[in-house]
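Visitor: Letter by letter, the chains look like this.
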Amino acid sequence: MNSRKLEILVGFFVALGILAFSMLALKVANSGISGSGETYTLNAKFENIGSLKTRAPIKVGGVVIGRVESIYVHPQEFLPVVNMSIDAQYLCRFSDTSSISILTSGILGEQYLGINPVIASGSAEQRCLGNDVENTEADQAIDDLFGVQSKALANGDSITDTKSALVLEELIGQFLFNQGSE
Amino acid sequence: MLDLLQKIGHKTLGRFAALGRSTHMLVSALWHVPNFKKGTPLLVRQLYMVGSQSLLIIVVSGLFIGMVLALQGYTVLVDYGAEDSLGPLVALSLLRELGPVVTALLFAGRAGSALTAEIGLMKATEQLSSLEMMAIDPLRRIIAPRFWAGLISMPLLALIFSAVAIIGAHLVGVDWLGVDTGSFWSIMQSQVSFDKDILNGLIKSIVFAIVVTWIALYKGYDCVPTSEGISKATTETVVHSSLAVLGFDFILTAVMFTS
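Residue numbers (our numbering), protein chains in the order written: chain A, 2 to 183; chain B, 3 to 261.
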C-alpha cells in the first residue's frame, strides 16, 4: 500500500475520533448554563434541603437560570446554606422580596430550586448596580406602602424568604399527629 | 515440602523477572530523544494497522451495544414512566464504563493479538537479531512506534465507540420506541458532566491503552521463538490484557466515581 493512501486512512481515523470527541463534548455533556458562562452568586438558608444536590438546576417558571454551586451547614445556626450561581444577565433583577423553594420534578424526580421572582424596581436595580438615582414616584409609593425601601439582589446577597423541601416522613408524622389529636 | 517451597519461589522470581524485563523493554523503547523525521512514517503505518483497521469492529459493536442498551433500559424504565431518563442511562453507562472497557477488550482481541503474533514471528525468524546486527535498535524501531500507536488509537476508538453507541441508542429509543427526542438529549445534557464523565472515561481508556499495548508488545518480544511459543504468547496476550483491563477498571472506578 502506498504511503499516501495509508496516511489518508489514518487521517480519516483521527478525524473521526476528533468528531466523536466534539460530539460528546458539545451534544452529550452540559457546558454550563449559558454560552457566556458569566454568573453571580446568591445564598439562601433553608430549614431542610431534602435531597438537593450540587449542580441541581435553579428555575424561574421552569426555565433554568442557574445551578447550585455548593451546600454547607451554617457554622453558628446549624442550618443548611445553599450557594447558587446564577446567570449574570439576571444580576440586580430580582427584588429582595423574591422567595425560593425546593421543588421536586415529577414523583420520583430530582429536586431543584424554584425562584418565585419579584422584579426589582427600576431605581432599586440602578442602586444595586452602583448608580446613584432618585426614586421615581411610582417606586416611592410602593416603598411607602411597605414601609421599607426595596432592594435588588446583588452578588453575594441572600434570599431570606425560603421554603424547605417536603420530607415525606415529616408529612406522615404530622398527619398521624393530627389524627391522634382529633 | 521443600519441592513445593522451591516451586513457589521459582514462580515468584519468574514473575518478578518478567515484570523487570517488560519494564526494561518499555523504558528503553521510549527513553530517547524523539526523531520525528524518522519516527513519523513508522508511527503512521502503525496507526493504520492498529487504529484504522480496528475502526470497523468498534463502530459495528458500538452501534449494537447502544441499541441493546436502549432496548433493555426502555423495558425497565417504561414501568416507572421514566423512559425520558433513557438518555442519561445510556450516556453515563457508555462514557463511564462500557466505552473504555469494551473498546479495550475488543482492542486486545483485534490489535493486541496481532501485535504479539507479528513481533513473535519477527523474533522466531530472527528479524530482531538481524536488526541488531545492522546496528538498528529493535526496541526503537519496532516496539516504540507500536506503543505510541496503541496509546493514540485507543482513546480515539473509545470516543468513537461511545458516540456511535449513543447514536444507536437514539435510533432505537427515539426513532423506534418513541422516547421524546428533546428530553432524550436535554436530560442527557443535564446529567452528563464534561470533566467528571467524559474526561474520566478518557483517562480510563488511556490507562487501558498503556496496559493492553504494553502486555501485547512484551508477550511478543519475550515469547519462546517457536510456532508453539507464538501461539501461547498470543493467547496469553488476550487473556492477560482482558483480565488486567477489568481489574484496572474496578480500581479506576473506585477512585474516580466514589466520593
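One or more hints might be untrue.
Here are the simulated lysine to aspartate or glutamate pairs, EDC-like style, with alpha carbons at most 20 Å apart [stated by the list, open to error]:
hint : chain 1 : residue 1 : chain 2 : residue 2
1    : A       : 54        : B       : 197
2    : A       : 152       : B       : 86
3    : B       : 198       : B       : 81
4    : A       : 164       : A       : 39
5    : A       : 46        : A       : 126
6    : B       : 39        : A       : 8
7    : A       : 28        : B       : 197
8    : A       : 164       : A       : 48
9    : A       : 28        : B       : 224
10   : B       : 234       : B       : 224
11   : B       : 198       : A       : 70
12   : A       : 54        : A       : 88
13   : A       : 152       : A       : 135
14   : B       : 40        : A       : 8
15   : A       : 28        : B       : 86
16   : A       : 152       : A       : 126
17   : A       : 28        : B       : 177
18   : A       : 152       : A       : 170
19   : A       : 46        : A       : 78
Treat the hints as calculated values from the structure; they're not laboratory data.
Visitor: If a hint holds in the structure, say so; if it does not, say that too.
Guide: Verification of the supplied hints:
1. A/54 / B/197: Judged against 20 Å, a Cα distance of about 18 Å means the pair holds.
2. A/152 / B/86: Not OK: residue 152 of chain A and residue 86 of chain B at ~41 Å, beyond 20 Å, violated.
3. B/198 / B/81: The hint is violated at about 30 Å.
4. A/164 / A/39: Cα-Cα ~27 Å, so violated.
5. A/46 / A/126: At roughly 23 Å apart (the allowed maximum being 20 Å), residue 126 of chain A and residue 46 of chain A break the hint.
6. B/39 / A/8: OK: residue 39 of chain B and residue 8 of chain A at ~15 Å, within 20 Å.
7. A/28 / B/197: holds (14 Å)
8. A/164 / A/48: holds (8 Å)
9. A/28 / B/224: Violated, at about 45 Å.
10. B/234 / B/224: Roughly 11 Å separates the two Cα atoms, so the pair holds.
11. B/198 / A/70: Holds: residue 198 of chain B and residue 70 of chain A sit about 15 Å apart, inside 20 Å.
12. A/54 / A/88: holds (19 Å)
13. A/152 / A/135: holds (14 Å)
14. B/40 / A/8: Holds, because 15 Å separates the two Cα atoms, which is no more than 20 Å.
15. A/28 / B/86: holds (17 Å)
16. A/152 / A/126: holds (8 Å)
17. A/28 / B/177: holds (18 Å)
18. A/152 / A/170: violated (37 Å)
19. A/46 / A/78: holds (10 Å)
In summary, the numbered hints that this structure violates are 2, 3, 4, 5, 9, 18.
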